[in-house]
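6 protein chains.
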Amino acid sequence: MNPSIDKAKVLQEALPYIREFHGKVFVVKIGGSVMIEENLREAFAKDVVLLRYVGINVVVVHGGGPQISRVLERFGIRPRFLAGVRKTDEETMQVVEMVLSGDINKDIVALINRFSGENIYAVGLSGRDGRLLKARKIDKKVYFSKIGLPPPGEDVGLVGEVEEVNTDLIVSLLEGGYIPVIAPVGVGEEGEAYNINADFVASSIASSLKAEKLIFLTDTEGVKDLRGRLIPTLTEEKARELIKEGVIREGMVPKVVAGLEALEGGVRKVHIVDGRIPHSVLVEVFTEEGIGTEILQRT
Amino acid sequence: MNPSIDKAKVLQEALPYIREFHGKVFVVKIGGSVMIEENLREAFAKDVVLLRYVGINVVVVHGGGPQISRVLERFGIRPRFLAGVRKTDEETMQVVEMVLSGDINKDIVALINRFSGENIYAVGLSGRDGRLLKARKIDKKVYFSKIGLPPPGEDVGLVGEVEEVNTDLIVSLLEGGYIPVIAPVGVGEEGEAYNINADFVASSIASSLKAEKLIFLTDTEGVKDLRGRLIPTLTEEKARELIKEGVIREGMVPKVVAGLEALEGGVRKVHIVDGRIPHSVLVEVFTEEGIGTEILQRT
Amino acid sequence: MNPSIDKAKVLQEALPYIREFHGKVFVVKIGGSVMIEENLREAFAKDVVLLRYVGINVVVVHGGGPQISRVLERFGIRPRFLAGVRKTDEETMQVVEMVLSGDINKDIVALINRFSGENIYAVGLSGRDGRLLKARKIDKKVYFSKIGLPPPGEDVGLVGEVEEVNTDLIVSLLEGGYIPVIAPVGVGEEGEAYNINADFVASSIASSLKAEKLIFLTDTEGVKDLRGRLIPTLTEEKARELIKEGVIREGMVPKVVAGLEALEGGVRKVHIVDGRIPHSVLVEVFTEEGIGTEILQRT
Amino acid sequence: MNPSIDKAKVLQEALPYIREFHGKVFVVKIGGSVMIEENLREAFAKDVVLLRYVGINVVVVHGGGPQISRVLERFGIRPRFLAGVRKTDEETMQVVEMVLSGDINKDIVALINRFSGENIYAVGLSGRDGRLLKARKIDKKVYFSKIGLPPPGEDVGLVGEVEEVNTDLIVSLLEGGYIPVIAPVGVGEEGEAYNINADFVASSIASSLKAEKLIFLTDTEGVKDLRGRLIPTLTEEKARELIKEGVIREGMVPKVVAGLEALEGGVRKVHIVDGRIPHSVLVEVFTEEGIGTEILQRT
Amino acid sequence: MNPSIDKAKVLQEALPYIREFHGKVFVVKIGGSVMIEENLREAFAKDVVLLRYVGINVVVVHGGGPQISRVLERFGIRPRFLAGVRKTDEETMQVVEMVLSGDINKDIVALINRFSGENIYAVGLSGRDGRLLKARKIDKKVYFSKIGLPPPGEDVGLVGEVEEVNTDLIVSLLEGGYIPVIAPVGVGEEGEAYNINADFVASSIASSLKAEKLIFLTDTEGVKDLRGRLIPTLTEEKARELIKEGVIREGMVPKVVAGLEALEGGVRKVHIVDGRIPHSVLVEVFTEEGIGTEILQRT
Amino acid sequence: MNPSIDKAKVLQEALPYIREFHGKVFVVKIGGSVMIEENLREAFAKDVVLLRYVGINVVVVHGGGPQISRVLERFGIRPRFLAGVRKTDEETMQVVEMVLSGDINKDIVALINRFSGENIYAVGLSGRDGRLLKARKIDKKVYFSKIGLPPPGEDVGLVGEVEEVNTDLIVSLLEGGYIPVIAPVGVGEEGEAYNINADFVASSIASSLKAEKLIFLTDTEGVKDLRGRLIPTLTEEKARELIKEGVIREGMVPKVVAGLEALEGGVRKVHIVDGRIPHSVLVEVFTEEGIGTEILQRT
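Chains as they are written, first to last, in our numbering: chain Y, 1 to 299; chain F, 1 to 299; chain B, 1 to 299; chain G, 1 to 299; chain E, 1 to 299; chain H, 1 to 299.
Worth flagging that the hints you see were computed from the coordinates, not collected in a lab.
Computed from a predicted structure; not experimentally measured.
A few of these clues could be false.
No copy is singled out in the list; a pair is fine if it fits within one copy or between any two copies.
[What the hints assert, rightly or not] Straight-line C-alpha distance at most 20 Å; calculated SDA-like pairs for lysine to any residue:
| # | residue 1 | residue 2 |
| --- | --- | --- |
| 1 | Lys137 | Arg114 |
| 2 | Lys134 | Gly117 |
| 3 | Lys9 | Glu38 |
| 4 | Lys9 | Arg276 |
| 5 | Lys269 | Phe144 |
| 6 | Lys9 | Glu289 |
| 7 | Lys134 | Glu163 |
| 8 | Lys134 | Phe21 |
| 9 | Lys140 | Gln67 |
| 10 | Lys134 | Gly177 |
| 11 | Lys146 | Glu192 |
| 12 | Lys210 | Glu164 |
| 13 | Lys140 | Pro151 |
| 14 | Lys9 | Val253 |
| 15 | Lys9 | Phe144 |
| 16 | Lys269 | Ile231 |
| 17 | Lys146 | Arg74 |
Using the sequences provided together with the hints, build the complete structure.
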């Protein structure tokens, strides 16, 4: 039979999902490690563009840990982490912002724009643009308890948390057909920059936009149980339990905690998806199978 | 490999077409015979809905010859054709309008609405609604010469041709997210109804909306050459030549002539597509292969 | 004296009414029997157009009982009524829709458009267009008790009641200056058509648009008392009493019940007006005398 | 027969005119003498309101000669005229403006507002508001030759002519549903006031708004021929001829000249109507008979 | 040093105030006596224009007592005051309106327009325009008790108070970039004019627009204490106390009472400013020093 | 005398300029060297904010030469210049973009946002955001001839020139009240970044927005004549002559050439202003004296 007809059928299988998500907001957080392999990068960019064309309001948030460390080293600054959090003095912060807002952000913007067309363009922003991400220094005790770690003795420096998201600029860009790409840099009262965990930035933005979905693209399969098997669906209660029991641990903790905060903030569903699979975003959104772990709102 | 990923790749293959056609107008003319088999009908309806969701402004025009004849017979009126054109006295015209605007039109509207979602609804119109299709009686000599037949001696009755399309109503429905479904009934100066060939109605509407594509869904493969082989691409010149030579003949003549008028009126491309293949509209629009015959503007 | 000056004075007598009703919604229900005599039809159409020009948002709802029966008979189907309600099997429903949406509806639309001008056009819709009238099968017990009759033993078939009016399409047509003309056909979950009493359709639409007036154009003088004298003004209480006592009976019951539902739904006034008097709509709206029976909201 | 039905028929006779003039601009100039008798004043105000309700954009311009002279006399200033033009020194100008903008203008505004309803209000303006009427001192030679009189030897003072109409304010008031009522006071470069002939002000405003009609309400029957018979219709050529021959003379000259300038400026029709007949505006606009004299564009 | 740089620094000192008041509404009431000296008048007009250009929505309300009395005298009418309130019979009211709406109002409008530019124009209105200030006759007992005086035995005539401000017209003018200049004349049910204290008019308008500031420009320094020293800041309580104690007295009472009513009506701050100092409005709004007396909302 | 009154007078002196420039576009290019001294930086930021508040649409373009060289050196890359143009290989380009878009751009954005208020925020963009600055590699011969230097033998690498400015994004930000701050990085067909001279970027943007003024803030007094005296006003002809004669030379050449291109592109005036004087932008715009050199359009 005509292979084109099979393709048409596959397109049609996406119709119920397109209908459901038309006009909704999706926040997609992409980790630095996913942005390295060229064909994964392109697959990601095309997925974002396709989501936009079928009427979904996509906002991209990115991280950039590995790249920051590499540049710091070239600068002769030794990257230091305190309980998983980068110690961020003023000089480090300057490098963090240069790499995030000046390198990775523009790189993703240019990548998406290679696949988009007239009037559908990515625009890169840091939290300092339009005072998008009003931030303050983290409360060390609260923050480390949230991510399940003992607070370090030393000061972490300019590590911040989002106080308020100024959604006006994002909303007006979405209404203009643009795809906002946001670097996780916050702005304090005096205009100073803060280094913020990108998972929490994505979560704050998703909450303040009452997003339909918050999708974390990671370099793991998803959340796993004690025996290392992927858990496809997780309730809020179960997620908290698994963190307490230490089954969810290390880098997965902030993602799950950020996801739970998003659900509390009104986001409908949170997905932790394997970014190493090409087009995993499309698979998650437009097919029945799903991929990775989804965390659901209490009902 | 994960079959979902294959599906995602198929979706991505549609991206260049979605990008190209986003915001453009497509006029799709569907013949009465295509609307009979249930799974073809549904496939057609879903295709129209999908086009709308990816940002294409779809207008549907339908015919209804076979159904009209059936109802006429139940009424005890013998359908009569003069050189392929239905002789339309006043009583026949009343049946024509009842069947087209009251039965087939609402049937297609309901079918599309079964697959559409919130704010994307089909709305059925006849050319008398909002004086959409201002019409007059055909000039017999001109009309039959246009479709390559000797004019019949007898009067054809209330057979009309489009004088002017009132695009305001169509445009405002498209801007409101609706899918207009139009029955080929025109309205004269005094409000009287005219029976108009649906191919020419589709062509007039496509011209006045400066459509990107005019697609005829028929019950044939497309335009064929002398030896019966499908011609995938036809220029205007070639099309005229084939009509003159009688290679294009019978029911295909009005379609091709209507298509040529559309190209002259500013439509970018005309497609004659086999409606008996499920999802042939999607195949034509979103895959490289194409299907049936396309007629191109002179360049 | 100059007769033109007398005419000008008559125009001025309408000013207080025009001022009062400017920008308000009127729903006018016109019965099938009123649409038969040519000069009454024209007078009605001109009245509707005049209302629109002085800034009143008119919505027309029509019935079509006699015409449906005539066509059914030509089809060789014997019309059957159960306690005044047409037994509507699938074949009958198809004829009902053809006659209502394809014949009567377009006939009224064309008639109004003969007297209207640029940008003020009638547009015909059935309840299936834009899922305008979401309907379900009537609950036999409830429905017949409402119209004061014993429920028939037999199934009435596809007889429906309005569940919800999708006002978006009506409102956007009114804002565009159009006059919506609506056929009383509802649409079920699966897209199937339902035959609905036009009086109740008019009432549902009037309620959901919070209309100022709901006007029933009938072929009687209005509601009469025991001795056959016209009752010019009726309160809700009095109306219910007269139904209970059987003074209001037969075809007048659904009108009065529909009118009472409209008043409960927020409509300001309901009028039952004699459609056999030319321009009775204008007389009712623009003169002090009034005509027929008005039913008032409880105060 | 029911007299209400006769009234309805009279209303319907207005329909073709309402349809024709819906959305068009009418400029009505009312002379001071017409504003004196109470029932004429009220009839005028109601006519203006009715025109607005049926969708006509009415602009009122008024004069005020007699009232100005009366107030000047109470001030102990003797009114002086040079070839029919009020000699306007600074003190006189102050009185002119007080009477026109502060007394007559507000009087007409309040009168109209007595008969208008919600959202349809009169708003009074002088040419100094919003720099509505940019003016300069008349060029004596040009001006008096235009009105067919020898220029006086003496300086006329602050008598001006319209240089430019700032239509923005008028248009935005019309779009807001207001009825602008304009006093014939112009504003010079330095903000100084000019006394301008109200007929010429009405003509300038009508031209700059491309009005459909300019109506002069006067205290005469209209333009008369040599034998004193009313001339119902006048062409531009004929009008100029009658002025040259002195058949049109005195106060009628500026009206006819202003009317001719309006026709040249793009106004469709000019009417000189007897304001002493109640509702003469309505008679002129909405009946076949017409009243007074109409001057037509050359065709 | 470069004096231009000093000027730039002064401009910069205004920035915090401009930022704070951008988009807010200011109502400025200017007394008749301030409008007399030419350089003060010009300074005032320029200040109003500057406020508008930096994004403040200014509304001007004016009085006109002295001018009215002068004109009355020329008319041979002896101005009479009852407990400080002008006895206003019908003839007096006509003069009041002529002077306020026709002379002073247009004078201020022209003055402002001399300094404004394209699209930023003053437009003069009386309370009768657009039924802006719906008024009724004052309740003598209530009114005089409010201004702390024994009610006179005699009838005061057409002295009114504001019942309702029709803000639609003001708001639409402000949105169009205009500066409304309002004469304190109210309109009664029947369209009759009322003479209203301009301080109370300014207060009513400020309340209904929820103004940021209400500024009274007077011919005194501000509110003074028992020893005649200026009081820079006054709370509501203190103000009431000083009135009770008779420290605030005569013409200052209505201003302070009107100011207190404005604060109750939601206005943020009330200023009583010395109009005899050039540019006192700018000094008050844009410098730290302030000028005159400010009355603050209870907190 | 009251010093506040003097301040008010200074504010008033700005009124004619504010009136003239209200709603116009200004493009301000700020050089890297100006951004170093803290009080100059702040003065600049406040000036930009003040311009925005008085209704001027400001767009900021910045350079960053010295900062780029410093970072390159820390990276161990020796900055190289060919005829004044930075040799930009891929690694250098990455650093250029990081410094421009990630460091300097966000720094300026945060600085401006410290002095701006609600709804008036700076937003930083690089030419890759929204494909704002479509660029291609410079044509070496053309480019160096334009800046009056012999083309170097060696390839300059990724040095680009603007092909097209996508004004949509800039215009929609300006309409939203934002202040766009643009880094001089262009985007090629494939999404690759180009290093573009900031003076030419500012000129291209000013041309495509038909700016009123293009202001270059430099670290010199302005254009000087042979004897080193400042030239306050320069015509296009004179400017070209001085370049040819070598009086204008070195870093001033690109500025003057870029300025001349802007004038040809429809910009009204070009200013070269000494950024070492605090508030020099305000001085230039709002005082009579002016500062630096202005280049005027041929008349």
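### Identical-chain pair category, Lys146 with Glu192, by Cα at 20 Å
neither (25 Å within a copy, 41 Å between copies)
### Task
If the cutoff is 20 Å on CA atoms, where do Lys140 and Pro151 land: within, between, both or neither? Let me know, please.
within (6 Å within a copy, 57 Å between copies)
### Task
Give the relationship of Lys9 and Glu38 under a CA distance limit of 20 Å: within one copy only, between copies only, both, or neither.
Classified as between; 16 Å across copies, 29 Å inside a copy.
### Message
One pair to classify: Lys269 and Phe144, alpha carbons no more than 20 Å apart. Within, between, both, or neither?
### Response
Classified as neither; 25 Å inside a copy, 46 Å across copies.
#### Entry: Intra- versus inter-subunit Cα pairing at 20 Å for Lys134 with Gly117
Between. Shortest inter-copy distance 14 Å satisfies the 20 Å Cα cut-off; intra-copy 32 Å does not.
### Task
Pop the pair Lys134 and Glu163 into one bin, within, between, both or neither, using alpha-carbon distances up to 20 Å.
within (5 Å within a copy, 36 Å between copies)
### Message
Reference check for the pair Lys269 and Ile231, CA-CA at most 20 Å: within, between, both, or neither?
### Response
Only inside one copy: Lys269 and Ile231 sit 15 Å apart there, 50 Å across copies, limit 20 Å.
### Task
Measure nothing new, just compare the shortest in-copy and cross-copy C-alpha distances for Lys140 and Gln67 to 20 Å and report within, between, both or neither.
So Lys140 and Gln67 fail the 20 Å test inside a copy (25 Å) and across (34 Å) alike.
### Query
What label fits Lys137 with Arg114 when the C-alpha limit is 20 Å: within, between, both, or neither?
So Lys137 and Arg114 pass the 20 Å test across copies only (18 Å; inside, 37 Å).
### Query
Should Lys9 paired with Arg276 be assigned to within, between, both, or neither, using CA atoms and 20 Å as the limit?
Only across copies: Lys9 and Arg276 sit 15 Å apart there, 26 Å inside one copy, limit 20 Å.
### Intra/inter-copy verdict for Lys210 and Glu164 if alpha-carbon distance must be at most 20 Å
Within one copy only: 14 Å inside, 28 Å across.
### Query
Between Lys9 and Val253, at a C-alpha cutoff of 20 Å, which is it: within one copy, between copies, both, or neither?
neither (39 Å within a copy, 32 Å between copies)
Figure legend: structure checked against the earlier numbered hints; hints not met, in rising order: 5, 8, 9, 11, 14, 15 and 17.
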